[in-house]
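Knowing the structure of chain Z, use the given hints to seat chain W on it.
Protein chains in written order, with this note's numbering: chain Z, 1 to 334; chain W, 335 to 668.
Don't read these hints as lab results, they were simulated from the structure.
Hints should not be assumed to be uniformly reliable.
Claimed, not checked - Calculated lysine-lysine pairs in the DSS-like style (CA-CA distance at most 30 angstroms, straight line):
1. Z:K231 x Z:K41
2. Z:K152 x W:K559
3. W:K545 x Z:K265
4. Z:K208 x W:K545
5. Z:K140 x W:K466
6. W:K561 x W:K542
7. W:K365 x Z:K208
8. W:K471 x Z:K140
9. W:K599 x W:K559
10. Z:K208 x Z:K225
11. Z:K152 x Z:K227
12. W:K542 x Z:K152
13. W:K438 x W:K404
14. W:K340 x Z:K137
15. W:K342 x Z:K6
16. W:K545 x Z:K227
17. W:K474 x Z:K6
18. W:K545 x Z:K225
19. W:K365 x W:K561
20. W:K542 x W:K486
21. W:K438 x Z:K234
22. W:K471 x W:K404
23. W:K486 x Z:K211
24. Z:K41 x Z:K152
25. Z:K231 x Z:K152
26. W:K404 x W:K342
27. Z:K211 x W:K599
28. W:K404 x Z:K132
Values in this document were obtained by computation on a predicted structure and should not be read as measured data.
2 protein chains.
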Amino acid sequence: MSKTTKTKPIRIVAMGKYLPQAMSSEALEKKHSLPAGWAMKYSGVQNRHVASQESNGWMGARAAEEALQKAGMTLHDIDMLISGGGTYDYPIPNQASVIKAEMKDGNACHTPAIDIDSTCLSFVTALDFAAKILDGKAYKNILIVSSEIASKGINPTNWETLTLFGDGAAATVVSYAPEQASCYIKGMQRTYSEGVYHTLIEGGGNRKFFKDYPYDPELHSFQMKGKQLLKLTKRLLPDFMEVFFADTDYALATVDAIVPHQASKLGAALFQRLFDFASGQVKTTLAHYGNCIAASIPLTLMAAIDEGSIQRGDICLLAGTSAGFAIGGVLLRY
Amino acid sequence: MSKTTKTKPIRIVAMGKYLPQAMSSEALEKKHSLPAGWAMKYSGVQNRHVASQESNGWMGARAAEEALQKAGMTLHDIDMLISGGGTYDYPIPNQASVIKAEMKDGNACHTPAIDIDSTCLSFVTALDFAAKILDGKAYKNILIVSSEIASKGINPTNWETLTLFGDGAAATVVSYAPEQASCYIKGMQRTYSEGVYHTLIEGGGNRKFFKDYPYDPELHSFQMKGKQLLKLTKRLLPDFMEVFFADTDYALATVDAIVPHQASKLGAALFQRLFDFASGQVKTTLAHYGNCIAASIPLTLMAAIDEGSIQRGDICLLAGTSAGFAIGGVLLRY
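The following block holds chain Z by itself, in its conformation from the complex (with noise of 0.2 angstroms):
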């Protein structure tokens, strides 16, 4: 007997990726001063990407490009454009406007460009709001880009988030296809708002404006509690699993693929620990990437398809914690 809710003929067309000049462990532990081997074995990154000249409007309107090119589409094509992120260009105007702008036919369509924030969740979400609005009418393809610029909020003397963080952009197109087996089968997220301070940048917006409080290190960084994240995520996550699954046909155990948040490498050996995951159901890129915020999911997704790992007909789950404090997850079949 099927449990599953209603599935929706909702497929990821193709994706796209920019990630600027890689930088090995080795060279960042150089430049910092820092102990040799110590970002592999405190993070576990090996290497990350890190903008120079490139901006989070630039980055995401390369990828764009990419993931409508493999699509064998154009702009013209997309009935929305969303920016699914937690960083910016600028506070005024949106993200979304920004990469639509940057992109080729930028100025010849009127696409709308929107974003969607719930800080490293935001691709999920932004997935799970696509799959609810795409109709096949007025909503036909829809344009998701993750575009991250970590570095530039990260406090040099933070040893922990100065090596696990990285930059990069992901972009997914997402159409309604019913001619295909791919769908959207269930999204979830809940938010814990004990841990809404778990994850801060604490200057920056009203609360501590720029006005009143000059640029500190301390303020202006990413800060993270990761002992009590960790606490969290392992008392609330289980939960939240079950719940999840508990009206599909599908079973976390046995999915084919879950391609979560890299978030740390803690966090990523408590995952396992929870769970006892089979060998090569969870994708990682935490070691070539680090934590990309939001573009982490997309970017692993696309790593785990090109490496065909993922295949069509896969059952997929996506899946994270982010700032705020929540939990959230997609299922779908690839």
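Frame of chain Z, contents of chain W only:
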């Protein structure tokens, strides 16, 4: 013959607001040594509200609690909390998470908390998305909160923005309500990238990061190319409205109420000149609240409902322009 695309049984159940302390134009002119009468003459604003100790999150939470109380609901009844705004307390976490954490029951409920940002159109976009997502099953009630503090990002030497903007929060409970006559008819947005930087806060994001660009009232304040914006609007708005109404049973000239973004005095005059609306058809709060970014449309809708000039059954168009540059609207039967 009905041309209308299928309507959806969506109802704005209740609204709430929070306005910080009022500041008359007289007081503002005195404080900043402006000529008496300048504000009303050039901005059309007699009074605005200015946050002092209040934060975006706190104001949003108070507005949300009023809306919930009027709806006879608590946060436990809400399936998603959307923050639809252009200003924020912190770069991370997202604003919806902060609003939720500031609410009574914030810790007890695990309501997903998601930001939608299309700057001044954020409420309209959030309402459009909410209408599409509400299904009477997983999503019965969605709470949209637009809480804006514009006053921090204002350059006091720029009289035009100094006198125009105001702070405030509005909250809206939107529900799937098949037993009611209320319905969602249509939503549409177009982003015209030629105007992407006509409205801009240049500093404070990754492009001109704090670390490299110390506070400068020019760089970290709201800049508006008023003339270019009016020119673009004049050229693009008539076509937008024609396309918007083409496949509906309604016409701009005969809808019961138009709730526009309270962009500026000249914007309002242009809107009237372009379409020659009937007296009372277009709602305004510009003189009382100023331009409250994304909170302007819901605050104006709420004022019209409270004074009885919008009543149940009325066909209402909520529409406006935003940074990016975009035009957007939602048509509904209240």
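Which numbered hints are broken by the structure, listed smallest first?
Per hint list: zero violations.
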